[in-house]
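**Student:** Here's the letter readout for the chains.
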Amino acid sequence: MRIEGNTNTVVQANVDLFAPIGRDPSGKERIERKSMSTWQHIRYRLFSNKLAMTGLVIIILITLLAIFVPIISPHDHFTNDLENTNQPPSWNHWFGTDDLGRDMFVRTWKGAQVSLFVGVAAALIDLVIGVVYGGIMGYYGGKVDEVMNRIAEILYAIPYLLVVIMLLVVMEPSLTTIIVAMSITGWINMAWIVRGQIMQLKNQEYALASRSLGASSMRILFRHLIPNAMGPIIVTLTLSVPSAIFTEAFLSFLGLGVQSPVASWGTMLDDGINALTVYPWREFFPALFLSLTMFAFNVFGDGLRDAFDPVMRKS
Amino acid sequence: MGKTILEVRDLRVSFEVYGGEVEAVRGVSFHVCEGEAVAIVGESGSGKSVTAQAIMRLIAMPPGKFKSGSVIFEGRDLLTISEKEMQKVRGNKIGMIFQDPMTSLNPTMTIGMQIMESLIKHQRLRKSAAKARAIELLAMVGIPDPETRMKQYPHQMSGGMRQRVMIAIALACNPALLIADEPTTALDVTIQAQVMQFMKELQQNTNTSIILITHDLGVVVDLCDRVIVMYAGQIVETGTKWEIFKNPQHPYTKGLLKSLPRLDQPKNEPLIPIYGTPPDMIQPPQGCGFCSRCESAMRICERQDPEWTAISETQSVRCWLQSAGEKAAAVVGGKEADA
Amino acid sequence: MVRFILQKFVFMIVSLFVLVTATFVLMNAVPGSPLQREKATTPQIQKNLEAYYGLDKPLIQQYGIYLKNLLKFDLGISMKKRFYSVNKIIADSFKYSLRLGVVSVITSVIAGCVLGIIAALHHRKFLDNLAMVLAVIGLAVPSMVMAPLLQYLFAVKFRLFNVAGLERPLDYVLPTIALSSASIAFIARLIRTTMTEVLHADFIRTAKAKGLPGHLIVWRHALRNSMLPVVTYLGYLVAGVITGSVVIEAIFAIPGMGKFFVQSVVDRDYPLIMGITVFYAVLLMVCRFLADIAYALVDPRMRNFTKKVA
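Listed in order, the protein sequences are those of chains X, Z and R. Residues in the first sequence are numbered consecutively from 0, following numbering that gives the first Met the number 0. Residues in the second sequence are numbered consecutively from 0, following numbering that gives the first Met the number 0. Residues in the third sequence are numbered consecutively from 0, following numbering that gives the first Met the number 0.
Looking at chain X on its own, in the form it has when it is part of the complex (with noise of 0.2 Å):
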């Protein structure tokens, strides 16, 4: 129902209604929605996995722990007290202590330092050994990657825990020796990985681009390609690391690792299987730090797998 006096205004809201806009003839592309940038996405997405923030905080922590235990703690992790062995976790011994009455909350995080030391070591090993391969092998192909494939497809097919046992029965026992083992075919994985990727970077039309522009083939490989290949060499990365966290404690649970009285979770497992069912406490705490470090390394990993996966995103 429209009063009389109003229909003036009305007319003019109608008039003015159907006003072209007038646009811009060549017609700008607009964004119409507010776009994240890839990092910001991957970082958005890493950050709302709360199982994977979880597995950070926990690796944060034992690192820190790590660290600073050794240094603060008024007991040190090799000296014998053979007057208070195996006691229970207590004020003076938060962990207890083992067989030779050494604390076995140092241990603990020496044990820590060298399950550390030696997952990120071998990591980073694999990393630049497989980058330099796989780049190669990628980014050149044909008879270059031919043959560099199957010399690595050779030793892939030799049992790696063969190989590294092998070796260090013959070898001396140390964290390196463990460590140059592991690193052996260690890399095969990450050199696949980052061959994969490139071959399928490399015909992709910003490599193309820069080529008929004359960049070089290493500028291009190490410009575009690797930034690019980052996310599944981080992933691959990462979880690399518990699996070398793994093979130490392994080794060292055989003896074959690091030897007393340096402190390695593999030994101290190895020690108290034998007083399990007397002194619990000295399976229990290496145990635990150990499927805890790995389970951190683990759920991490995954998290910052499928915050790389653009599959995922476009669901």
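Keep in mind that the hints were calculated from the coordinates and are not lab data. Fair warning: there could be bad hints in the mix.
[Said to hold, decoys possible] As a list, the in silico DSS-like pairs of lysine-lysine whose alpha-carbon atoms are at most 30 Å apart:
| # | chain 1 | residue 1 | chain 2 | residue 2 |
| --- | --- | --- | --- | --- |
| 1 | Z | Lys-64 | R | Lys-124 |
| 2 | Z | Lys-64 | X | Lys-49 |
| 3 | R | Lys-56 | R | Lys-71 |
| 4 | R | Lys-124 | X | Lys-49 |
| 5 | Z | Lys-66 | R | Lys-124 |
| 6 | Z | Lys-130 | Z | Lys-66 |
Assemble chains Z and R onto chain X, guided by the hints.
**Tutor:** Same frame as chain X, but now just chains Z and R:
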């Protein structure tokens, strides 16, 4: 034209995604008659594929959701019948062909088995009978040496062959309606022509109704009787093939036609693209969906959804330029004179 | 197909050759190895070793003798256990390892597949989350932690099982769980990922459009395609179970090959270490080779294989 076999009324489909709800189909209504071929045309994201999959209830729920509407087929609303009932419709009464024949066939199952499956399910044929019928179907879609092909796997066939196999699967139980969702998009141009030719023959021979979903107006001409143009989840114009080609009313339809190369076009006449991108369907625009890309947009277009205007008995359009009638024309004219 | 198998076979032989040669080089290069005369335990064993490996002959001839012995499946003689050949030790102990290994592999595949399928069919729902939490725990808790824990809880505390040995069928329970938890977890995750992917594949939509009921779609169309990666994993699964059994057999005092392996490592009984290593390696590589063939058989796309797809 025969009687109506499929009627879609006010169909609304949305998808729950991170960041909101995508309103993919916003109130679509149309019908298909017996023996008729209807094309649904639109660019990617216009909701045409979702409409097709909604008819077959192939949309994953969640995240998909029917907000409203009905799909009446043979007197029943397909959106409300049970899943079991629906399984009796799929592949039996309605067949469907998908866009990418490379991925739409099971790589670890023989071609023969993939065709026989639906025969065994719907027509309760025994294995031997199903096999005979499958060979017949392969021969019908023009695959040479069908007995050998039956035992082969998809990777042993070319794209065009696989699409024919897809057609054979869709037609296995003589469906009343065939929905082809961009059946030629993934194929080479020469193969495209073959597949379209085959569908045309099929339609003439068997009186099957066809819904052809495509973004390519070019493939529409040969096959279809009627064209439905979709944009941003809505139908913006509908009419017979000739009405749409000769006398398009909606600026979007006009744009589509102008961006299509024609043989009779002077060499130096440029193709005119439609600038801009379709609207974000998480926050569909209040007014006309095409408004932000429309050269003749008016203020009302930004505020209010346009109404349907009948241009002829068969053609109608959803645009303020038409419904505004004389007044709008006068205003537009006046403004131009002023300038 | 034939080309594919041939290629894999050649790879296997070359890998074996590399490993065997590396073993020989290590045995000769490292101080304290049994093949150096000055470092033998007793004159008796020293004489045996010299005769066996032809230590008085030049190195290249020694290598020849070594290869010839290997070709005859003669793995040498133990340094510490007098009169025992490595072959005999392996023959006596391998049956235990084999039984435990077979049980573990079967358990891993079945449990892993079931967990993975349940997870994929209930994607992002309670059962999925539960299965995946179990899987992460299975991956994170290493066998040398899992084994003593199970032993302590179920054998010592609750006395449900024997602490050690592998005599009764019940004795298999704890070692099998400890040995297969990681592979169960791995397979479950693998199946979940591929099956989730497969369930979203276009050909599943085609199957739905044919009007097939849900269970048929899962069993006939999704499962076979989801199982493919597991077949490739089988070779590595065997590797994991075999190396894992080294620790498990030591903990549960099972007189299998793993236990002797650990013992030989502790004793620095080089011929035994090398012998068992070579035996393990052959076993593993043959298993992987068989897994590759199995894959080619399961996946029709591999049957007219010409070039390796990256």
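**Student:** Please go over all the hints and tell whether each is borne out by the structure.
**Tutor:** Hints, one by one, checked against the model:
1. Lys-64/Z x Lys-124/R: Roughly 19 Å between the alpha carbons, so the hint for Lys-64/Z and Lys-124/R holds.
2. Lys-64/Z x Lys-49/X: Measuring from Cα to Cα gives roughly 28 Å; hence the hint holds.
3. Lys-56/R x Lys-71/R: OK: Lys-56/R and Lys-71/R at ~20 Å, within 30 Å.
4. Lys-124/R x Lys-49/X: The given pair, whose Cα atoms are some 16 Å apart, holds under the 30 Å limit.
5. Lys-66/Z x Lys-124/R: holds (24 Å)
6. Lys-130/Z x Lys-66/Z: Distance of about 42 Å is beyond 30 Å: violated.
Of the numbered hints listed earlier, the single one contradicted by the structure is hint 6.
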